Amino acid sequence: MTESNNRIVFENVSKFYGEVLGVNRVNLSLPPGVTSLVGPNGSGKTTLMNLMTGLIRPTQGSITVLGLTSDDPEEFFRHVGYCTQFDSFPKGATGHEFICQSLRLRGLNEAEAGKLAWEAIERLGMGDAARRRVAGYSKGMRQRIRLAQAIAHHPTVLVLDEPLNGLDPMARAETIALFEALGKQGLHVIVSSHVLHEVDKISDQVVLMSYGYVVAEGQIHGVRSEVKEHPMQILVRCGNPSGMASRLFSQDHVVEAKLNQDGKGVLVRTRDADQFYLLLNRIMVEEDFSLEAVTPADDDVNSLYQYLIGGAAGGTV
Amino acid sequence: MSPLASARKFFQEASWQLWFTQVMAILRIELKKSLWMRRSIWIYLLAFGPVLVIGGHALESRMGRNCNLTEDTQVLAGIFQLFYLRLGIFFGCMGLFTWLFRGEIVEKSLHYYFLAPMRREVLTIGKFLAGLIAAVLTFGTSVLLSFTLMYAHFGAPGSAFVFDGGGLGHLFQYLGVTLLACVGYGSIFLALSLVIKNPIIPGIAVLLWETFHAVLPSLLQKLSVMFYLKQLCPVSIPSEGLLALFTVVAEPVPAWLAVPGLLCLCSAILVYACLRMRRTEISYLAD
Numbered sequence: 639m640t641e642s643n644n645r646i647v648f649e650n651v652s653k654f655y656g657e658v659l660g661v662n663r664v665n666l667s668l669p670p671g672v673t674s675l676v677g678p679n680g681s682g683k684t685t686l687m688n689l690m691t692g693l694i695r696p697t698q699g700s701i702t703v704l705g706l707t708s709d710d711p712e713e714f715f716r717h718v719g720y721c722t723q724f725d726s727f728p729k730g731a732t733g734h735e736f737i738c739q740s741l742r743l744r745g746l747n748e749a750e751a752g753k754l755a756w757e758a759i760e761r762l763g764m765g766d767a768a769r770r771r772v773a774g775y776s777k778g779m780r781q782r783i784r785l786a787q788a789i790a791h792h793p794t795v796l797v798l799d800e801p802l803n804g805l806d807p808m809a810r811a812e813t814i815a816l817f818e819a820l821g822k823q824g825l826h827v828i829v830s831s832h833v834l835h836e837v838d839k840i841s842d843q844v845v846l847m848s849y850g851y852v853v854a855e856g857q858i859h860g861v862r863s864e865v866k867e868h869p870m871q872i873l874v875r876c877g878n879p880s881g882m883a884s885r886l887f888s889q890d891h892v893v894e895a896k897l898n899q900d901g902k903g904v905l906v907r908t909r910d911a912d913q914f915y916l917l918l919n920r921i922m923v924e925e926d927f928s929l930e931a932v933t934p935a936d937d938d939v940n941s942l943y944q945y946l947i948g949g950a951a952g953g954t955v
Numbered sequence: 002m003s004p005l006a007s008a009r010k011f012f013q014e015a016s017w018q019l020w021f022t023q024v025m026a027i028l029r030i031e032l033k034k035s036l037w038m039r040r041s042i043w044i045y046l047l048a049f050g051p052v053l054v055i056g057g058h059a060l061e062s063r064m065g066r067n068c069n070l071t072e073d074t075q076v077l078a079g080i081f082q083l084f085y086l087r088l089g090i091f092f093g094c095m096g097l098f099t100w101l102f103r104g105e106i107v108e109k110s111l112h113y114y115f116l117a118p119m120r121r122e123v124l125t126i127g128k129f130l131a132g133l134i135a136a137v138l139t140f141g142t143s144v145l146l147s148f149t150l151m152y153a154h155f156g157a158p159g160s161a162f163v164f165d166g167g168g169l170g171h172l173f174q175y176l177g178v179t180l181l182a183c184v185g186y187g188s189i190f191l192a193l194s195l196v197i198k199n200p201i202i203p204g205i206a207v208l209l210w211e212t213f214h215a216v217l218p219s220l221l222q223k224l225s226v227m228f229y230l231k232q233l234c235p236v237s238i239p240s241e242g243l244l245a246l247f248t249v250v251a252e253p254v255p256a257w258l259a260v261p262g263l264l265c266l267c268s269a270i271l272v273y274a275c276l277r278m279r280r281t282e283i284s285y286l287a288d
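Going down the list, the protein sequences come from chains A and B. Numbered according to my numbering, the first sequence spans residues 639 to 955. Numbered according to my numbering, the second sequence spans residues 2 to 288.
Bear in mind the hints are in silico, worked out from the structure with no lab data behind them. Note that this is a predicted model, so its numbers are computed, not measured. Incorrect hints may appear among the rest.
Said to hold, decoys possible - Stretch-level coverage of chain A by chain B, calculated; a stretch enters the list once three of its residues show a Cβ under 8 Å from a Cβ in chain B:
1) 710-724
2) 821-828
As the list claims (entries may be wrong) - The calculated EDC-like cross-link candidates involving lysine to aspartate or glutamate, where the alpha carbons are at most 16 Å apart (straight line), are:
3) Lys777(A) to Glu748(A)
4) Lys109(B) to Glu241(B)
5) Lys34(B) to Glu735(A)
6) Lys839(A) to Asp725(A)
7) Lys753(A) to Glu735(A)
8) Lys839(A) to Glu812(A)
9) Lys33(B) to Asp912(A)
10) Lys729(A) to Glu282(B)
11) Lys109(B) to Asp912(A)
12) Lys822(A) to Asp842(A)
13) Lys866(A) to Asp912(A)
14) Lys839(A) to Glu867(A)
Quick reminder that beta carbons are idealized off the backbone N, C-alpha and C, glycines included.
Based on the provided sequences and hints, a complete structural model is requested.
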């Protein structure tokens, strides 16, 4: 597979619903791994996912997934699995029947479909409930059975619209671990989520969206270093924080150096992270500050979201 | 590449086995829904209403008392042409076929089909066949029961007519026309459901078209399902007064032309439905 055939590519894609903008002039090239789509409600995340999976068509531009388009559904949907936000199921179906039905539509016989269905059900920890009707499931169980349906055919591209909604903390942790494992296997896992601190842990790259536009995209660290108007925050834990603060503050690129609340470190705001790390190396060579840890304090999806889009704090939007 | 060569290439490379398996999977899902859904109750009432009426008549006139074979044959022909074809099968197909896709949109489950590695054409044909089987099973059974009750109560003369006097031929013709009516109306309502959200208004328009096609120019008459069906019925009903509107065929075509004519009309409508389905997007909120 060539490099371009292993990517999800949006070329100048726009989608309008009548006069209402869905997404506008989107250019993306997503490599394998976990990609988080982040943005407030109405920013165009679901539209982007629906476009990616051929549920809707672009008003202009073109989309290819691993070099395929949804105009060839027989090939395209062998590789793509999509867990939508629509909380609906075929009437009267049990969890197992629901997954089997969708596998039979893929042309599999009953035995193959049953085997793959159980495999997916076990993977999502739904074995006990699979023979019960979906109508009697809790919201979290419905979410998990839809996830099982999306991964049952072993897709190479997995698109997940708010997959953590309704899940309890335990199920969330297991589901996130599953996404991470799938990402590491070389799958494309595209996740939209409001729970920023949770997707942050597993995301290889992030796409930030606002009002139908892609505001930023790429690896989180790379995107963060592009945000010049918000100096990077770095927490330095060391033995003599006040001494460290005074050494650091004499530099031009250091905008602020303040003692951390627990008194055991310095929170530094710098316009040039690379320069800062060089400076820190020099200081450590010249003086003994017994350095314990250096950690970026705002090099995450949540901070990027706040800087580029604005709005809620606390890890969710 | 010439059209003939591309057609040959298509037929050679087509995934017939996959399409067959997918159609069977669709039938399994859809037949369960169409035959057992609560919404179908009114269709069953509509379909089996005449059976109750004829059953009542059979009870009242046991062994052919107060009636005769010729008269009852005319009555059955009238019930078939005026009730089954114009009301029962028409509205039954409207209920069944418009719900095939519209129901999925209302219940927000169409995307499960769209996310399967399946051509939209295969989905359309699969759904159409599911609706057709459900409609033919329902109305075919009803016609069969009506026919049986109508002649069984005559006793020996009734069975002599059925088995030696051409009655069996009538039955096969009635069943054949029922099948063709389901094909015709089914294709129309399936296509309409992809174009218009509320099937009531287009349904009334189609009903008017089918009812009054006899007053239309000859070419337009051929775009009506009823034009073909009327000519295929085994027994003509009297064409007097207002009834003539429903029974007269101004320029009849022979059966060997009427059947392919109707099938061509339906195929054209289904091709349109397939093309329409190809462009369909999921927008449940807009619907």
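So, going through the hints one by one against the coordinates:
Counting residues of the region 710-724 of chain A whose CB lies closer than 8 Å to any CB of chain B gives 11, so the stated coverage by that chain holds, three being the minimum. Here's how the region 821-828 of chain A fares: 0 of its residues keep a CB closer than 8 Å to some CB of chain B, so the rule of at least three is not met and the hint is violated. With a C-alpha separation of about 28 Å, the suggested pair lysine 777(A) and glutamate 748(A) falls outside the 16 Å cut-off, and the hint is violated. A distance of roughly 50 Å separates the Cα atoms of lysine 109(B) and glutamate 241(B); the hinted pair therefore is violated under the 16 Å criterion.
Of the supplied pair hints, the one linking lysine 34(B) and glutamate 735(A) holds, its CA atoms being roughly 14 Å apart against a limit of 16 Å. For the hint pairing lysine 839(A) with aspartate 725(A), the CA-to-CA distance comes to about 26 Å; that exceeds 16 Å, so the pair is violated. For the given pair, lysine 753(A) sits about 12 Å from glutamate 735(A) by alpha-carbon distance, which is consistent with the 16 Å threshold. Distance hint between lysine 839(A) and glutamate 812(A) is fulfilled; the C-alpha atoms sit about 13 Å from each other, no more than 16 Å.
At roughly 65 Å between alpha-carbon atoms, lysine 33(B) and aspartate 912(A) are farther apart than 16 Å, so this suggested pair is violated. The straight-line distance between the Cα atoms of lysine 729(A) and glutamate 282(B) is roughly 22 Å, outside the 16 Å bound, and the hint therefore fails. The hinted pair formed by lysine 109(B) and aspartate 912(A) fails the criterion: a straight-line CA distance of about 51 Å is larger than 16 Å. Pair hint lysine 822(A) plus aspartate 842(A) holds up; C-alpha atoms about 10 Å apart against a cutoff of 16 Å.
Of the pairs offered as hints, the one joining lysine 866(A) and aspartate 912(A) holds, with about 13 Å between alpha carbons and a cut-off of 16 Å not exceeded. With a CA separation close to 25 Å, the supplied pair lysine 839(A) and glutamate 867(A) exceeds the 16 Å bound.
Hint violations for this structure: numbers 2, 3, 4, 6, 9, 10, 11, 14, all remaining hints satisfied.
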